[in-house]
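Asker: Listed here are the chains, written in short residue letters.
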Amino acid sequence: MNQLIEAVELLLTPETWTGATGMGARLLQHLQYTGLAVALAALIALPIGLAVGHSGVGRGPAVMITGVVRALPTLGLITLVALFAGLGLTAPMVALVILAVPSILAGAYSGVGSVDAPVVDAASAQGMSTWQVLWKVEVPLGLPIIIGGLRLAVLQVVATATLAAYVGSGGLGAPLFLGLRTYDYPLLLAASLVVIVLAITLEVVFALVQRVLRRALRGTS
Amino acid sequence: MIEFRHVAKTYPDGTTAVEDFSLTVPSHTATVLLGSSGCGKTTLLRMVNRMVDPSSGQVLIDDEDLASVPPVALRRRIGYVMQNSGLLPHRRVIDNIATVPRLNGVSKREAHSRAHELMELVGLDAALASRYPGQLSGGQQQRVGVARGLASDPNILLMDEPFGAVDPLVRMELQRELRRIQTEVEKTIMFVTHDIDEALALGDQIVVLKTGGEVAQVGTAQEIVEAPADDFVAQFLGVDSGRRSLQTVPRPGGGHTVVDGGGRPVGVLEDPPEGSSEPRG
Amino acid sequence: MVEILDWVRWGLNHSDRVLMLTFEHLRLSLPAILASLLVSVPIAAAANRLRPLREVIVSGTGLLYAMPSLPLFIVLPIILGTGVRDMINVVVALTLFGISLMVRSAADGLAAVPEHIRLSATAQGFSPWRRFIGVDLPLAGPAMLAGLRVVSVSTISLVSVSAVLGVQSLGSLFTDGFQRSIVASIVIGILATALLALLMDLLLVLLGRLLMPWTQTARTSAGPVGRGRGR
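Same order as they appear, the protein sequences are chains W, L and E. If you want the working numbering, it's the position in the first sequence, counting the first as 1, plus 255. For the record, in the second sequence the residue sitting at position 74 is 61 according to the working numbering, with numbers rising by one throughout. If you want the working numbering, it's the position in the third sequence, counting the first as 1, plus 40.
Every clue listed holds true.
Computed, partial: chain E to chain W, Cβ under 10 Å: (1) Tyr105; (2) Ser194; (3) Ile222.
The set of hints was computed from the structure by calculation and includes no laboratory data. All values reported here derive from a predicted model rather than from experimental measurement. C-beta: ideal position from N, C-alpha, C; glycine also.
Build out the structure end to end from the sequences listed, making use of the hints.
Answerer: Here you go:
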């Protein structure tokens, strides 16, 4: 318990947060890694997911691939890529993107797939093109679930990005592993607490966004 | 014998289902509570096995006030058949029928052999014993429901619109079957329905209910058809709309054709066979 | 292609160690999977009972999933008073993740038991407790199994992270392989972990078929069996 108090004191000291290797810089790096990984994953997964959800083609394989990729241990991926790519950002980024893809993919195809068939049929019957059906009907109506997939991806990546430091990158994992190696438990704890608070904050923000979206959709329908 | 003494039921949300209801249900006969939705008939039925406790008044079985009888034990000695059968989807037909005896601690072997007898009684093929309810037709499910209600050989059988969810042909068949079964087992049956034809077909005693459990008329089928107590009962019967104001028209081939108040034919009247005075059709 | 042969050879040469680590992996994940099921069901049942608090409890436990695993592995020993490399921490942390996924499945599954079937069970003379065990739980079974499968895959994958702290599991093949630059060690580790997750999943599906035979029967009639989601 004493170490916990020391950790909190450490976090309340302004110097902890300043400097190139301070907690502030690490936090920023952590967010950058998360943003980059999720953006790259979305670039890959969203088009595929929307296509699968809209057409229904390849749904079976998509579900299967999602399941298999989820079973892959991220630490294994990071270390494996690091052996080939060397220390740095490539290895964790590859692993984090792979981690984020299944959630975004699943959110996209189930979001679009969740729209009632009669609604979609009615839209086509009124003369909407395939693109218009997708963008004006399926995506807006499936948005809460699509955002839900992104939310899960962000959550997983933010939590796992700590492992980036294991192969020599920065982020909040850096002070954490430093503390682990030097038996500096207050530092270790302080970094852990920051990651936990960051993850929970993001989760709450996303939950609120999703709720507002749901409500807005219900209001218009 | 089941006795309702001035029972009333007001639910916590303030709705009054029953205001002041008294009735005696004689043993070994079928009493039908007839009324449209919201008349409190299901509430009254559920007071008998304490699924609902009256806000005031008493319900007695053979002069024993139910308020002092533990509900779970009470339910295990009263059969209950409901709409949608309410069968447990995760148990085989045979186990569904054996539910209550098993709850009462009867051995599995004994409960199953009893269940097989009951399947025969209600006209179910023995091959269905190992099926799951989801694999049966609606009519078959209701037969299982009746068999389950009879499984612990209860004195009382409560039936809450048991045939309401099956199609009309199957319903009539099930009603016929129930009458046949009743002549064999002679239970005290309380039967709830909103279907006047069903009430006339099954009830030794029929209780017509208005909203709030107010009794409009109590009597046999004959009494109610012959002399509706008031406009409400007459309307319920369909007397005023002509549905039951039947007339006979001579039939070319002999006998008579029966027509309703609107002149539409509803059946044929044959000359009665000698010695029969069956009051119901 | 030569590499694949190398990996296979490495795996065969180290099969004893891989097997031992697989066993350790199971020793950490199985108790966690089981515990998350056992803890989640009462929480879910209580949440459903306390209507106004249901969403708070279900979302609240769901929030646990936001906890990063590595920091949690570190913070827990401080709270529990155990050593950092103690396997208890790992099991407790994994159980917390399991609960965060499982409570919603269990709560939704229990809430979806058709009301007329519960009523009917009450009318037959099931006591409340007996009805919960004999009716509610089995009927919520398929939904809970679906949740448990997610918990199983997630737990088996997460165990590896604890290797960073020095707890033995298949994850040790990653840390060793990385520190000594043995690609084969990491590849075998990934394959073994994925295989383990797959086998556990198959086992759960099989167990479900065995314990819930009624879900296998035809859903042609309008019977109350099929509660599958429409599309």
